[in-house]
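Okay, here's what each chain looks like letter by letter:
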Amino acid sequence: MQFDGDELTIGLELSMEEIREFEQFIRPRLEYIETINIEEGSLLKSSALLSLLVSLKRTRPELNIPFLNQGISVSAAYGTVHWMCHD
Amino acid sequence: MTKQEQVKAIFIEEAGEIIEKLDVDILRFEENPGDFDLLNEIFRGVHTLKGNANAFGFTRLGEFVHHFEDVLDYYRTSKESIEPDQLELFVESVDIITEVMTCELDGLPDLPQGYDECLEKIIRLISSKKGETPAAAKPLEAPAALPDLAMEFGLDCVEQLEEKISEVILVTQAVQEEGMNLFRIHLTLDGDSYKRGFDHMLFLNLLAEKAKAIESFFDMSSVAPMDQFSCDENTLKSVTVIVLTPQSEEEIRENFEFLFDHEYSVTKIEAAAAVETTEPAAEETAVIEMRRGEDRRKEERREPRAPSDTSASSVTAPKSTIRIDTFKLDELFDSVGELVIAQNFIAQNEKIRSIEDESISRTIETLSKITKRIQDRVMSLRMVAIRDTFDKMKRVVRDTSKKTGKELHLNVMGEETEIDKTMIDSLSDPLIHIIRNAIDHGLEGSAAERIAAGKKVEGTITLRAYHKSGSIVISVSDDGRGINKEKVLQKAIERGVISGDENLTDSQIFGLIMQPGFSTADTISDLSGRGVGLDVVKTSIEKLRGKVEIESREGEGTTFSMVLPLTLAIIDGMLVQAAGEIYIIPTLSVVESFRPEREIVHALKEKGEFVSMRGQHIPVIRLSDVFDLETERIEPWEGILVCVETEAGRIAIMVDELVGRQQVVIKPLGKSLARLKEISGGAILGSGDIALILNVDALRPLIEAAHGGN
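Taken in order, these protein sequences are the chains called F and A. Throughout the first sequence, residue numbering follows my numbering, covering 1 to 87 in sequence. Throughout the second sequence, residue numbering follows my numbering, covering 1001 to 1710 in sequence.
Derived by calculation from the structure, the hints in this document are not laboratory data. Any given hint might turn out to be false.
On the chain F side, residues computed to face chain A include the following (Cβ under 8 Å) [said to hold, decoys possible]:
#1 N37
#2 M84
#3 C85
A virtual CB, placed ideally from N, CA and C, is assigned to each residue, including glycine.
One chain only, chain A, in its complex shape:
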């Protein structure tokens, strides 16, 4: 790949991100058309896209975006209220932009259907607006518009600093020749630097002597008014310098050798041509937001944003992100997994533990803490908020609402819930299907039907993400008519899915609608109702070691919950021993462990053993029974019961001994063991032994089956 092609690839990727953000922002704006900060944000995205498109010969995209930009520019400067049909045109335009981009990338000669029509509408709109209100066509003359323009294109706003620096870096990379190095230098000189003889300009002068290009950005935000100012004291917050030079990093650093280490940083920026690439098809890149947690919050406290016209603007704060190849991330996770095992080995090694030396004990303790911290941080790299996925669903809801003609309101809860990046990619399709299904079939067919049922005309769809018993649950609820159990049973019998003799629970009946080819829809729409889809949803979620649960009340609504594991890599486990074997119970499922009094243990004929706790009868499960292990049978009050929370309620797992608690790296099992539903994986212990991880949710059905259900 040539340098030009690589730069083009970067621009294409950025354009994709801009379009994706446009799609989300335009819907936010549709919800709140008075949010002109957000409109400005959309405009900036479109403006950048136009530049990128034209720079790389995507003229058809460039032309469309150019006119769309004109319209956005008109509204953002005039602040004229936007009519619903114009909003609809905005949404349509974003769709066309997405499609044109695909055409451009695939080199297709034909433009997408609707391109000409949409472009004509845009041109007509801007012409009519300019004709009707000539004053508005000269936004620079409107005093109210001036501050905004300054905010967007000047450098008055610190939020735009990073954006501007990134632009300069990209432009400089494009002209970077062989033998030239690009550096980003950050100067944060102490308050007494002038007294020590160091002025920022001095360093710029030194750097400029050898530089081919040098551009610097002075952040003057912390310069105080005269009553608190003294020119002897440096109050500049920071100066960022981008320099293209033949000098090496070492030579660059020499310029700052008289400064304190904390007063400067030098970062070499890879040349565009040197950016490591692999075959695009095989490479998956993840954008991981590097959270600056407390630092960022402190920064925000120090620099409160200026109040804007719109008190609750939907403009999202710029993210500080770094692109990491997911392959590298996976390698890092594996290495951390091995580190955890090695650390456990050291912590548990009898020979090491027998050394009575305080410094060794302290070192091991420190190692343990550091390992845990590294593990937590590495795991957090893999976790991303579900917000972006939920944002995409807003579009699905909007389009389905329009297509079905049903008025509805979308509630979104728990957008900050974090989920494993590898899972989030597989969630979109199942979510889309469930949402469409909820609107198309869950909600009543007409407003009259809802009124007759005593409900508001506007239906409600609730999208929610939350943690529950060590899992992440993503649910889609509607306040529609609910599932008609009789109808489901009747269809299932008709189609031979069940015989009709079964004594099914509500959950099992609702689960029937997830069977392949099953649909209770009286009419088939292009959205759902063909019986394909819900079974695919089920399969997709099961592939992620999750499951789909359905709750429904006739006349009140239905909730589809996708229950997913928190992560796919490491768990915190309680180690227990039963019949001489070590098992691991995920700690998040454990409620308590105890040796029961004889009086609270009961055995019921054909029902098995129970333990009474705080008015609840909890079934006792013997691991020796589950895994058919030969062992001397002891009574529950002679062993230990570990009470765990499962999907179907609490159970008490009977074990011989509690061994301890440990972080374990989940290792996949071979094909033969993978069939055992009671086991979710294996783990290597610090001692080098292997232990099986219990799937506590699968333990209950076994006892129910053994004892003939509830």
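So here's chain F without its partners, still in its complex pose:
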């Protein structure tokens, strides 16, 4: 995880424990973060992380999460994954 000004960059391959830590980290800082970027080449491997990103976006709609806007993730390990955020 890298913090650069108001931009946060995270990897998607977080374990459940790391996701919990990430949640704890971002809760008090949500107001100061403008963008959450994803590390290049990292692969979504948890629906819990996807849910957390959706929840963040739902809490602060102006938060920019380019990965979430894609609505799709394609990989050999998980196939094509679509998500619907409903907003």
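Fit chain A to the supplied structure of chain F, relying on the hints for placement.
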């Protein structure tokens, strides 16, 4: 049929459904041109149609639809108001699409008349629009259009989930090879699944190991904002996975063996090539909406739709449907009929009833309840709302209005009324004819004539469906000039239909216009007035065991009512005994049954017997007289009277005894008994005996005939 041909057949069928829906939606849009949600819906249909048409080489259809799509796209993104002549072009375009589709299916070399002209109009319209308003030609730059585009083509909208999944299934089926299985897996993991070590992605990973193709859809709609969120708790509503794999269903299920049963479901989807087919001409397929009743309503309560610009959009909610061969449905109905008979046999069997064992009684009672529930549900499969038929009639009204130049308003009531699927197919033609007749002849010939009669210039046609006395009535009313009885009588005498000496009731006079070759129209139009049609209407409805009734008031209007039986298969009946025979009276017709006091029974010379009830004199009908049965003649106060509602008013059927009430399966009668109008069918009772079902409406004319009318 090859796999490719079968996939093509599926697409063709879908294209037919899309076109049918377009026809209805375009008229709705014409009524409410500000409903851009509906325009979006129309656009989506056209967009899908274009894809299907081009994919299967229907290039002429594809080309036309492509340009039509451009026009629709322009209006839906610019939200520019649509002029009446452009609306007319939309309607015309849907007509052309229907005709081109027929040409494509029949492999006709010629295009329908009007194709080139209509296509040119469309191209001209879109060119002029793009030329006049260049900004609108770039819809993506218009911020207001962005949410709509996202709604339609993204996956932001749960309503589109099913559509997208269906598309993926179809595409996957098209590439499915021998030995590959296609599964739809639905995951609804509990809130504590992460704590138990189960993440959705884990299962995707397991499935992907062996899959040839795997696509999943995460419904994130229930993920809460951070103040109510905890990443330890799974809040995903569901995940749907479509997987193409060489694995068997059993092997697929093994992946989920550590989950609770309610947390997953695996459904195998038949390969397109394995879809059972018979000769297309012999096969009739019914689309039955599987109602999810309460579940669906609950779902709607949980997920209120986002408010749209148009508060009362006409966009119809997507239906969850399953295609069932009607032959299979008929087999199911027959089997349920036999089940009802067997259940009645058990419930009424003296030997079984004599067993004094509470558990047996309770089991029989449970069996009875379950049988009734199955019967009701199976019957509901056969019932479909009349809405679609009424929707088609809107087009008939619109076209006839334009053709006759008469301004009119259509009222539609009771669209939710359900009717037997087998009947609904036979209703369109009679309805079309009656509606055209009502507009062409029922309504006054000109606006001046209506004004002179003290009416609004705009005529009103009312299309209504409702239940009445155990029947379904579909009526078409107009507020026109009404039927001129004198004119009808005069024509009937001229044509030798009647001699002129008859003492006819109003209903009988109006009924004359349904005779073959009868028309009172002074001028013949291409819509009606040739005297062919109304007699065909009558014959068609009678084939459905129904009848047509006409009510009319001169100067006020006319109502044609088609009275149809609720269903053709099973009825709830009251069993009665008369002269040693068991008869069945449809319970829906029964008002009450009683043993009359001697004082309220009267006999009038040449009029028969009557019973006085609450100020009404109700004719008494003895079944022994109707069926000429030899029996000891008893007085009405010694027997039981069953008061029933008939078309012509109430009658009291005199019986010896009330036997009970029972669901019975209507069995057709042989040719000789079928001639007896007083009998509508037969039924096998639980005891194995046969009972005749009374047609109560036919009982009254008999007594009137016997006693010389009213």
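Verification of the hints:
The interface hint given for F:N37 is violated, since its Cβ lies 19 Å from the closest Cβ of chain A, which is over the 8 Å cut-off. At its closest, the beta carbon of F:M84 sits 5 Å from a beta carbon of chain A; the interface hint therefore holds under the 8 Å criterion. Residue-level restraint check for F:C85 holds (minimum Cβ-Cβ distance to chain A is 5 Å; threshold 8 Å).
Of the numbered hints given earlier, the model fails hint 1 alone.
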